[in-house]
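Asker: As a plain string of letters, each chain reads:
Protein chains: 2
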Amino acid sequence: MQPLLLTLLIAVSLGAYATPRPNIVVILADDLGYGDLGCYGHPTIKTPHLDKMAAEGLRFTQFYSAAEVCTPSRAALMTGRYPVRSGMAHNQFRVLRAVSTGGLPASEVTLAQTLKDAGYTTGIIGKWHLGVWANNQPQHHPLAHGFDFHFGLMHSNDMNPSDKPRPKMANSLVDQDPEWWNAALYRGRELLEPHTDQTQLTKRYAEEAVKFIGANKDKPFFLYMPHTFPHTPLFASARFKGKSARGIYGDVLAELDWSVGEILRTLKEQGMADNTLVVFTSDNGPWLLMGTETGGSAGLLRDGKGSTWEGGMRVPGIFWMPGKIKPTVERNVASTLDLFPTIIRLAGGSSPTDRPMDGVDLSGLLFKGEPIEREVFCYYRGEELYAARLGAWKLHLITQAGYGDKPVTHEKPLLYNLEVDPSENHEISAEHPGVVARISAAVDQHRATVTPVRSQLIDVVAK
Amino acid sequence: MQPLLLTLLIAVSLGAYATPRPNIVVILADDLGYGDLGCYGHPTIKTPHLDKMAAEGLRFTQFYSAAEVCTPSRAALMTGRYPVRSGMAHNQFRVLRAVSTGGLPASEVTLAQTLKDAGYTTGIIGKWHLGVWANNQPQHHPLAHGFDFHFGLMHSNDMNPSDKPRPKMANSLVDQDPEWWNAALYRGRELLEPHTDQTQLTKRYAEEAVKFIGANKDKPFFLYMPHTFPHTPLFASARFKGKSARGIYGDVLAELDWSVGEILRTLKEQGMADNTLVVFTSDNGPWLLMGTETGGSAGLLRDGKGSTWEGGMRVPGIFWMPGKIKPTVERNVASTLDLFPTIIRLAGGSSPTDRPMDGVDLSGLLFKGEPIEREVFCYYRGEELYAARLGAWKLHLITQAGYGDKPVTHEKPLLYNLEVDPSENHEISAEHPGVVARISAAVDQHRATVTPVRSQLIDVVAK
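Chains as they are written, first to last, in numbering that gives the first Met the number 0: chain U, 0 to 462; chain P, 0 to 462.
Calculated directly from the structure, the hints in this document are not laboratory data.
Glycine residues also receive a C-beta, built at the ideal position from the N, C-alpha and C atoms.
Watch out, some of these pointers could steer you wrong.
The calculated lysine-lysine pairs, modelled on DSS-like cross-linking and capped at a C-alpha distance of 25 Å, are [stated by the list, open to error]:
#	chain 1	residue 1	chain 2	residue 2
1	U	45	P	218
2	U	242	P	367
3	P	242	U	51
4	U	325	P	242
5	U	51	P	323
6	P	325	P	45
Short derived list, chain U residues pointing at chain P, Cβ under 8 Å [unchecked claim]:
#	residue
7	60
8	290
9	299
10	330
11	422
12	424
13	425
14	429
Here are some chain P residues the structure puts well away from chain U; computed CB gaps all over 12 Å [what the hints assert, rightly or not]:
#	residue
15	20
16	60
17	138
Model the full assembly from the supplied sequences, consistent with the hints where possible.
Answerer: Quick look at the structure:
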């Protein structure tokens with residue numbers, strides 16, 4: 000087929016979905032669990048804006064982050080590839096640290112760069128965690144990876160303990176005293192505040208986002224908003240602190256929810272709602288190690304952050320474009336890997352063709368309710384493939400609790416039917432040898448596409 | 000105040016809530032867990048009609064059955080009193096059996112009788128379980144307790160094993176072969192079918208309900224629909240069997256959901272929706288002992304049926320009267336004990352004044368969003384008070400898993416904050432001695448109102 004004809008066909012077919020070249024907003028919560036929003040069944044956490052977003056849009060009940068912890072999950076979202084392919088995973092050093100010199104390799108093609116190449120204005124507001132620019136690594140700055148605009152932190156908000164004496168511990172391992180945590184806030188390459196007031200972060204992110212949207216009314220934009228919270232330590236502004244029944248975790252979520260509401264309100268007020276795809280999701284499951292007060296909930300799912308049991312990787316996933324995406328509770332499997340091909344399809348850009356891409360284009364499902372063709376979905380912990388899902392079935396080759404536990408390799412892999420048994424209670428490999436064989440074959444096929452690369456998570460600044 | 004003036008005042012105040020003397024429909028699922036509906040967060044069970052009912056109405060997130068198993072829970076709903084008061088509880092014989100001769104004492108005043116006295120037509124369609132009339136105990140028939148109309152089973156659907164050889168076991172303790180379970184279906188005092196086809200029950204209940212509503216358009220009615228399912232063994236009609244992703248449990252819930260939809264549709268079509276309060280709830284938590292395939296889910300709550308941990312007694316609670324009850328996610332505590340005073344208030348009848356009543360009138364909350372004044376809510380297991388809730392706090396005096404476990408009496412009671420910690424993970428009595436003392440005092444106060452009575456659950460037919 001001739002390129003011009005192909006382009007025309009894509010344009011015609013896109014027209015049926017949504018206005019060509021819609022704006023894109025991807026909001027990523029940090030350590031938010033599957034069960035932590037009102038619309039996912041939490042009894043006391045109030046998230047009216049997200050609940051409304053879900054009621055007006057499409058809410059996935061089987062949506063996955065592509066890793067069980069922060070850095071690899073973000074690498075997957077930004078590249079559309081399993082993090083093992085980019086070296087953004089490591090079995091021991093699970094995430095980039097404040098002292099890391101590694102980061103997303105320049106050879107990786109980011110969603111931001113691809114959209115920028117397609118004519119989008121691109122902005123990131125929030126936590127990057129794909130390279131610590133401050134360690135004299137300019138190539139790791141978001142501005143070096145396709146973003147025109149940047150405001151936020153380079154990594155997690157618990158990665159720079161202060162020199163001050165540690166305050167009395169709360170009921171979690173991380174105390175909630177803002178004095179004790181240094182977090183450096185940047186605007187682009189400018190260090191705004193070496194010790195920013197974390198209680199103001201969510202509010203400031205929202206204000207920056209509203210400004211970014213207002214400044215980009217006339218051409219398509221991509222806004223990536225990886226929030227700092229509800230990763231611990233937890234901080235909310237005075238307007239929200241102490242106001243929720245669910246304690247500080249509920250306060251922080253109420254503010255996060257408010258900030259989402261601000262963005263949706265702005266888009267509606269500016270008449271951009273029906274031409275902006277807004278996605279809300281989380282980078283991994285709840286950090287159960289943090290305890291009841293400051294850790295989240297995976298609802299009925301097993302385990303949390305750090306684990307490849309469902310609670311570690313199944314997260315909220317809400318897609319919103321009023322008038323274009325119909326209100327739906329969607330039970331198909333999808334993941335953050337799918338954002339790359341889906342968004343590039345909508346934006347009219349070109350996905351890389353010189354490397355394996357792991358996502359599936361969801362646009363037919365989102366805008367027309369069409370079935371999606373998905374092969375196996377792989378659950379990695381670090382560089383290791385622990386489990387794989389094919390249709391309703393999940394096969395565990397290795398299992399491990401989120402934290403403080405050793406991996407168990409299963410000579411006879413464990414099989415669960417996640418549609419019947421979402422809590423992974425009832426192991427049924429003996430009853431379904433054919434399914435075990437089918438998933439094992441799919442895993443082999445996937446493995447054949449993975450070329451080992453050196454992990455970026457190893458290197459640190461010299462002492 | 001003079002009686003006439005009082006009546007007038009009540010009438011005026013009622014007018015603000017809802018049309019005086021609305022119809023009442025109470026739909027009670029059997030062993031349905033807190034996490035089993037789409038609107039309560041289940042990822043694969045589809046309940047579109049109940050989800051719509053919740054979206055149009057008021058959905059409680061902290062709604063309780065007043066007992067952890069079937070018979071006492073139904074006694075509480077029907078009398079507005081803790082079952083220990085009526086003798087409808089027992090520590091060992093937890094529920095009435097097929098051979099029981101006991102039942103709800105004639106001295107108890109039922110919701111049905113009170114509404115009938117107030118001029119309502121009253122009907123029960125479904126499972127009674129407050130006395131086995133067939134054991135030569137005519138006083139235990141629903142028709143002897145205030146119901147004008149009756150269609151259904153006298154007790155649970157697993158209580159009459161057949162003489163046929165037991166079929167191959169499924170993955171639960173109860174096999175799903177309809178041939179193996181006798182269930183006698185009655186219409187009033189007539190035995191319709193000694194071995195009814197349980198696959199048809201939900202459908203027939205719905206058809207009877209639609210007929211009952213159609214036949215009572217001209218005067219107020221009370222329809223009580225205690226469903227047979229999803230109590231095991233599970234049966235669905237051909238239209239639903241094998242159709243859901245969640246297996247037979249999902250099939251059964253899809254049919255139950257359809258049946259609720261039929262009732263709401265009928266009310267809408269007949270122009271009765273804005274003058275009929277429909278309540279949907281469950282008699283207790285999920286029967287976890289039944290296993291993954293045939294037992295339900297309590298979502299993020301701990302344990303299930305038979306336990307006074309939250310999963311045993313916190314259940315879905317949806318109240319619907321379009322145009323009169325606003326769409327709300329309601330986080331106040333409420334319980335099936337509250338149905339009696341609430342419904343009697345709306346119907347204009349008189350609650351008994353010669354005995355302790357345990358519920359709270361919810362009408363102000365439902366129709367006007369007014370706060371409710373609740374004292375302690377008690378969690379009984381059998382005749383024993385195991386735990387109590389006051390505001391956000393729950394104190395466990397005794398704990399016990401749903402089944403197969405012994406009670407543990409806590410010399411130092413366990414304290415949880417259910418709003419921060421709905422999963423009851425983090426015991427905090429040491430931090431809050433004042434709260435422990437306050438709940439203990441409230442429990443003492445409650446206990447002083449309980450007069451021991453002989454349990455109705457002891458006596459059985461002579462062999």
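Asker: Does the interface hint hold: is residue 424 (chain U) within less than 8 Å of chain P, judged Cβ to Cβ?
Answerer: With Cβ-Cβ at 5 Å, under 8 Å, it holds.
Asker: Hint check: residue 325 (chain U) vs residue 242 (chain P), CA-CA at most 25 Å. Holds or violated?
Answerer: holds (24 Å)
Asker: Are the Cα atoms of residue 325 (chain P) and residue 45 (chain P) separated by 25 Å or less?
Answerer: holds (24 Å)
Asker: Holds or violated: is the Cβ of residue 299 (chain U) closer than 8 Å to a Cβ in chain P?
Answerer: holds (5 Å)
Asker: Going by Cβ atoms only, is residue 425 (chain U) closer than 8 Å to chain P?
Answerer: Hint holds; residue 425 (chain U) Cβ to chain P Cβ min 4 Å, cut 8 Å.
Asker: Between the alpha carbons of residue 242 (chain U) and residue 367 (chain P), is the straight-line distance 25 Å or under?
Answerer: holds (23 Å)
Asker: Under 8 Å, Cβ to Cβ, is where residue 330 (chain U) needs to be relative to chain P, so tell me if that hint holds or is violated.
Answerer: holds (6 Å)
Asker: Just to be careful: measuring from the Cβ of residue 429 (chain U) to every Cβ in chain P, is the smallest value less than 8 Å?
Answerer: At 12 Å from the nearest chain P Cβ, residue 429 (chain U) fails the 8 Å test, so the hint is violated.
Asker: Just want to verify: residue 20 (chain P) was marked as not at the interface with chain U; is every Cβ pair farther apart than 12 Å?
Answerer: holds (33 Å)
Asker: Are all C-beta atoms of chain U more than 12 Å from that of residue 60 (chain P)?
Answerer: violated (4 Å)
Asker: Would you mind confirming whether the straight-line C-alpha gap from residue 51 (chain U) to residue 323 (chain P) stays at or under 25 Å?
Answerer: holds (21 Å)
Asker: Hint check: residue 45 (chain U) vs residue 218 (chain P), CA-CA at most 25 Å. Holds or violated?
Answerer: Violated. Residue 45 (chain U) to residue 218 (chain P) sits at ~41 Å, over the 25 Å cutoff.
Hint check: violations occur at hints 1, 3, 14, 16; the rest are consistent with the structure.
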